[in-house]
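Going down the list, the sequences are from chains E and P. For the first sequence, our numbering begins at 1 and goes up steadily by one. For the second sequence, our numbering begins at 1 and goes up steadily by one.
Everything labelled a hint here was simulated from the structure, so no lab data went into it. Each residue gets a CB set at the ideal place from its N, CA and C atoms; glycine is no exception. Errors might be hidden in some of the hints.
Short derived list, chain E residues pointing at chain P, Cβ under 7 Å [what the hints assert, rightly or not]:
1) L3
2) R164
3) N168
4) I205
Per label pair, the in silico range of CB-to-CB distance [stated by the list, open to error]:
5) P:M4 <-> E:K77: 48 to 58 Å
6) P:S39 <-> E:F149: 31 to 41 Å
7) E:I189 <-> P:A88: 58 to 68 Å
8) P:A88 <-> E:N54: 22 to 32 Å
9) E:V34 <-> P:L6: 34 to 44 Å
10) P:K93 <-> E:T183: 39 to 49 Å
11) E:S181 <-> P:F56: 23 to 33 Å
12) E:T183 <-> P:N3: 32 to 42 Å
13) P:F78 <-> E:L147: 34 to 44 Å
14) E:L55 <-> P:A88: 45 to 55 Å
15) P:L6 <-> E:F149: 52 to 62 Å
16) E:S181 <-> P:A88: 26 to 36 Å
17) P:A48 <-> E:W11: 19 to 29 Å
Footprint (simulated), chain E over chain P, 3 or more residues, beta carbon under 8 Å [to be verified]:
18) 51-59
19) 70-77
Listed below, chain by chain, are the residues.
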Amino acid sequence: MRLSPDAMIFWQHGFLKLNGTIVFTWALMFVLAVGSKLITRKLSADLSRSRWQNLLEIVVTGIEKQIQDVGLRQPEKYIGFLGTLFLFIGLASLCTVIPGYEPPTGSLSTTAALALCVLAAVPLFGIEEEGLGGYLKSYLEPTVIMLPFNVISELSRTLALAVRLFGNMMSGTMILAILLSITPFIFPIAMSALGLLTGMVQAYIFSILAAVYIAAATRGRKSGREAKQHI
Amino acid sequence: MDNMTLIAIASIVTAGLTIALGSIGPALGEGRAVATALSSLAQQPDAATTITRTLFVGLAMIESIAIYCFVVSMILLFANPFWNHVIAQTAGK
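Assemble the whole structure, with the sequences as input and the hints as a guide.
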């Protein structure tokens, strides 16, 4: 049984392999990039606007509102990173309705890459907001003794982000494959509908957690502690 | 019983035990979380959006523990490193 789209090989030449993860990731990136480019090519500011522009406006303002709710006061600064995370993971799980497609987030390499992006983005935003000293000082809170634990929590939450997304997406496709061999036709449809829901929830969770981590790094000590309770 | 059979037995039994024991805790936790969220929703319907958002994030957090167990049992069943090692050794003989 195939655990991830890594094992789905389209083309191979010696050392180079073109597996399902790479193909589907690039297809999704292509759809997202070209789609946004096409829609934003002719934006209108008056009352008559295309339905695609309406869709994008709903998505962008919705994401901005969610980021604001977490406590980041300038959502337009973070929407480039957090919104892309949400849209990529969300589209990756929404596209499972297409036959023959497997979500690239069902591969541990994709989710590990996304989690590493979060690991790198948190100190970058933190240093930008509070300066190098201010950010490093947040590791010494509440006391110096907590320094190793703060470092460990930074690493362990990266691992948790990666494995959570991977496990959820992988279990969805795995359950579908198992059900198809036991009770074909009706029951797998219900499970794949449930898979769409959990996929969107996971996309939401991933980006909200990234936002919470960034918020904890960019703000003072009081809100940092409050955000840590989420971990 | 040779090594291969032992490893197969240990992997299968451990995979079952992992997912069985590992889902007890998260199931209890999710039940408590949902029950508390429902009672607070009944008390304060105005705060529905905040409660629901926090509930979903919390549920995913709790559920990820069950997912870790699932991943471990899947690795034991389908991508077992010990099993692959033994297979490689017998093939090399």
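Comparing the hints with the structure gives:
no. : hint                         : result
1   : L3                           : 6 Å, holds
2   : R164                         : 4 Å, holds
3   : N168                         : 6 Å, holds
4   : I205                         : 4 Å, holds
5   : P:M4 <-> E:K77: 48 to 58 Å   : 57 Å, holds
6   : P:S39 <-> E:F149: 31 to 41 Å : 34 Å, holds
7   : E:I189 <-> P:A88: 58 to 68 Å : 40 Å, violated
8   : P:A88 <-> E:N54: 22 to 32 Å  : 57 Å, violated
9   : E:V34 <-> P:L6: 34 to 44 Å   : 54 Å, violated
10  : P:K93 <-> E:T183: 39 to 49 Å : 42 Å, holds
11  : E:S181 <-> P:F56: 23 to 33 Å : 32 Å, holds
12  : E:T183 <-> P:N3: 32 to 42 Å  : 37 Å, holds
13  : P:F78 <-> E:L147: 34 to 44 Å : 40 Å, holds
14  : E:L55 <-> P:A88: 45 to 55 Å  : 52 Å, holds
15  : P:L6 <-> E:F149: 52 to 62 Å  : 39 Å, violated
16  : E:S181 <-> P:A88: 26 to 36 Å : 28 Å, holds
17  : P:A48 <-> E:W11: 19 to 29 Å  : 50 Å, violated
18  : 51-59                        : holds (count 3)
19  : 70-77                        : holds (count 3)
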